[in-house]
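Engineer: Okay, here's what each chain looks like letter by letter:
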Amino acid sequence: MSVDRTSAEANIGDFLEKHGKAGFLKLLLTNYLFELVMYYLHSEKNPGGGIKEDTSYRFYVNGRERVYTPVQIERFKRDLRLECSRKADLIVRELENGRLIDKLTEDFIRNPEVAQLVDQALESVMRGK
Amino acid sequence: MRLGTSRAAKAPPTRRWNDVIGTLKAPNRNAETVASVALSVAMSTLPEISPVSTPIVFGALEGIRFVLDVQEKGLEAAVQREAILISERYVIPSISEGLWYIVSSKMDQRFTNSPFGRLAQLAFTKTMDQVMSKGARALIAEET
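So the sequence lines, in the order shown, correspond to chains A and B.
Just so we're aligned: the first sequence equals residues 277 to 405 in this note's numbering.
Just so we're aligned: the second sequence equals residues 279 to 422 in this note's numbering.
Mixed in with the good hints there might be a few duds.
Derived coverage of chain B by chain A (criterion: at least 3 residues anywhere in the stretch with Cβ under 8 Å from a Cβ of chain A; other residues may be distant) [to be verified]:
(1) 288-300
(2) 316-326
(3) 337-343
(4) 348-361
(5) 371-383
(6) 394-403
Listed below are the simulated EDC-like cross-link pairs for lysine to aspartate or glutamate, each with C-alpha atoms no more than 20 Å apart in a straight line [said to hold, decoys possible]:
(7) 297(A) with 407(B)
(8) 303(B) with 355(A)
(9) 294(A) with 355(A)
Using C-beta positions, here's what the derived DEER-type ranges look like [stated by the list, open to error]:
(10) 324(B) with 389(A): 18 to 24 Å
(11) 374(A) with 326(B): 18 to 24 Å
(12) 372(B) with 387(A): 20 to 26 Å
(13) 353(A) with 346(B): 31 to 37 Å
(14) 342(A) with 365(B): 41 to 47 Å
(15) 346(B) with 328(A): 46 to 52 Å
(16) 296(A) with 293(B): 41 to 47 Å
Think of the hints as simulated: they come from the structure by calculation, not from any bench.
In this text, a Cβ means the ideal position worked out from N, Cα and C, and glycines have one as well.
Using the sequences and the hints, build the whole thing.
Structural biologist: See the structure below:
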């Protein structure tokens, strides 16, 4: 086994030992929520829907038409990511409260009732219900 | 608007999206408010959550199954079981990409090929890369 493979294996063991399956889910959901937020915050105007400004413009230019500095933009992205991490934590807690995390297997998720419970956990946090 | 070679998606078709623009234009824009309002408004325009949830749920299942397999049987056995081709030069990315290929093969292609499927792919491969390259530090870094 090459050094890289050895390191990868050791790192997976290290991660699971300290954070478990819940930690893996939290990291995955943080990354996903961040991608979703960045996707939506880089959308263009939609005159048919009554949206006359690009959020992809407003992400980089403030209300006084001044461009944010690279440091300000990086800080804002870091803060957005932190908020996504908080939301991911809430989703994982909802799944834990429903005792769903230990049962997350392919057969389990194909059960419509279970899939609905997982969807509800995501939806309640993402829609702010 | 052209952004390099890609094209930005249109804003969600609701006037409530102007609330998101308002949070971005605020003098001291607040990331918590921007993220919460953007997700809430965007999700409210979708008739159901499954196009958003399905790709990442399948990714979660495969990711968890794989890391537990590695913990129990070792990386070589886990990789062989999945028939993942590893590039010796790019070991970690090739495992992550190989795993996503398996995830996508288990899902309806309308989910895989959707914008949410592509975002889930980015999140999944990044997560696997982080776990395999940083170990426990991958999550600790998120919390600081």
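Engineer: Which numbered hints are broken by the structure, listed smallest first?
Structural biologist: Failing hints, ascending: 5, 9 and 12.
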